[in-house]
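Hey, can you piece these two chains together into the complex? The hints should help.
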Amino acid sequence: DAMVIQNPRYQVTQFGKPVTLSCSQTLNHNVMYWYQQKSSQAPKLLFHYYDKDFNNEADTPDNFQSRRPNTSFCFLDIRSPGLGDAAMYLCATSARRGSPNEQFFGPGTRLTVL
Amino acid sequence: DAKTTQPNSMESNEEEPVHLPCNHSTISGTDYIHWYRQLPSQGPEYVIHGLTSNVNNRMASLAIAEDRKSSTLILHRATLRDAAVYYCILRDVGDDKIIFGKGTRLHILP
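These protein sequence lines map, in sequence, to chains A and B. Here this note's numbering is used: position 31 in the first sequence is 166, and no number is missing along the way. Here this note's numbering is used: position 63 in the second sequence is 277, and no number is missing along the way.
Bound-form chain B, shown alone (with noise of 0.2 Å):
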């Protein structure tokens, strides 16, 4: 499987926007980029992905290098709620699984 590297753990304030860098140098032309967040005592959700465009939801947004060897999720306007476990992944087009790295632990400051 294609790795990802993501920072250990990230600070920001409330109301600021937050970019979360993800690298993923081996990835490959059908590799996905995904991203989950865990909250605390909750299960993942999903919250953005792409293969080679910018895309935006109603959650965040995920820039895309134009190599797609690094990724970056954006959220707009951190509240304390998006205080979580920030997972990036690469998902073959054909593969079914997930598989989690470490993440990145997002604080959030009031």
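Same shape as in the complex, but just chain A (with noise of 0.2 Å):
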């Protein structure tokens, strides 16, 4: 079945630590997104692409990067963790740009912070 694959599901780092979240698609979709979840918190989002075109939310840490090196992958790259970035973090992909588009999410990664 085509999907949004997240790997790991669970993902442990030490604070300060470099981390990076992985994403990948098999639907083939031109958008895709990262979304930081924290505990009872709805989803927030942190950045997209259109295809390579990269959208940074005004209110995303500089901690916070991504790379889009193809259509399939998307990674999310986490230069210094602090306690407060530990969260379940979805990725979501949409075929095309704009509403009423679906967004189709993965099972999302949740990420401790020792």
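Worth flagging that the hints you see were computed from the coordinates, not collected in a lab. Wrong hints could be hidden among the right ones.
[To be verified] Below, a sample of chain B positions facing chain A; criterion: calculated Cβ distance under 7 Å:
(1) G257
(2) P258
(3) Y260
(4) H263
(5) R305
(6) G308
(7) D309
(8) D310
(9) K311
(10) I312
[What the hints assert, rightly or not] No more than 30 Å apart at the CA atoms, straight line, and that leaves these computed lysine-lysine pairs for DSS-like:
(11) B:K283 / A:K179
(12) B:K311 / A:K179
(13) B:K217 / A:K173
(14) A:K179 / B:K217
(15) B:K217 / B:K311
(16) A:K187 / A:K152
(17) A:K173 / B:K311
(18) B:K316 / B:K283
(19) B:K316 / A:K173
(20) A:K187 / B:K311
(21) A:K173 / A:K187
(22) B:K311 / B:K283
(23) B:K217 / B:K283
[Stated by the list, open to error] From the derived model, a few chain A residues whose C-beta atoms are all more than 12 Å from chain B:
(24) Q146
(25) T148
(26) T161
(27) N205
(28) D212
(29) S215
(30) V248
For each residue, glycine too, the CB sits at the ideal point set by N, CA and C.
Laid out in structure tokens, this is it:
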């Protein structure tokens, strides 16, 4: 089945140690998104790509970076994780830009920072 | 971004219909109304969307008020698997993004 895959599902890192989360998709969608979801909160958009065009949200910390080397893969890099970065990180895709195009979400990676 | 208002939580009995309300009094003419839900420990999933007319799909129905200032997601026969947080979202036709509000946590009682 076509899908959005996130690996690993659980990631533990140490305070200040860089970490990379990965997302892949078999849907061949042009748009890819990264969201952060803290406990008991709604998902919050960090950034998204339309093809290779990167769109950063104004309030996304500089500590968060992203790479999209090809259509299928997208990475979230956290350069120096703090305790406040512990969260679920969700990847999503969409076939085309704009509404009402549906977003397809992966299962998420839960990041723990020790 | 236009805002939506939803109740924090709702309860319903299994096998009964559920009506989840959403207010969006500042909706613009080009805003689509989307609903997503998030089951426990999963990513959100699309439920339904509409612009002006009521919509039905295999998961749910969406009833949109004539003035578009409110809408209702209808689950026709709730099951335990429908227990989730339901998000009502407005997206302009040109908007790539979903901005999630707080949503409604739906509890289903067996």
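Problem - Numbers of unmet hints, in rising order - result: Failing hints: none at all.
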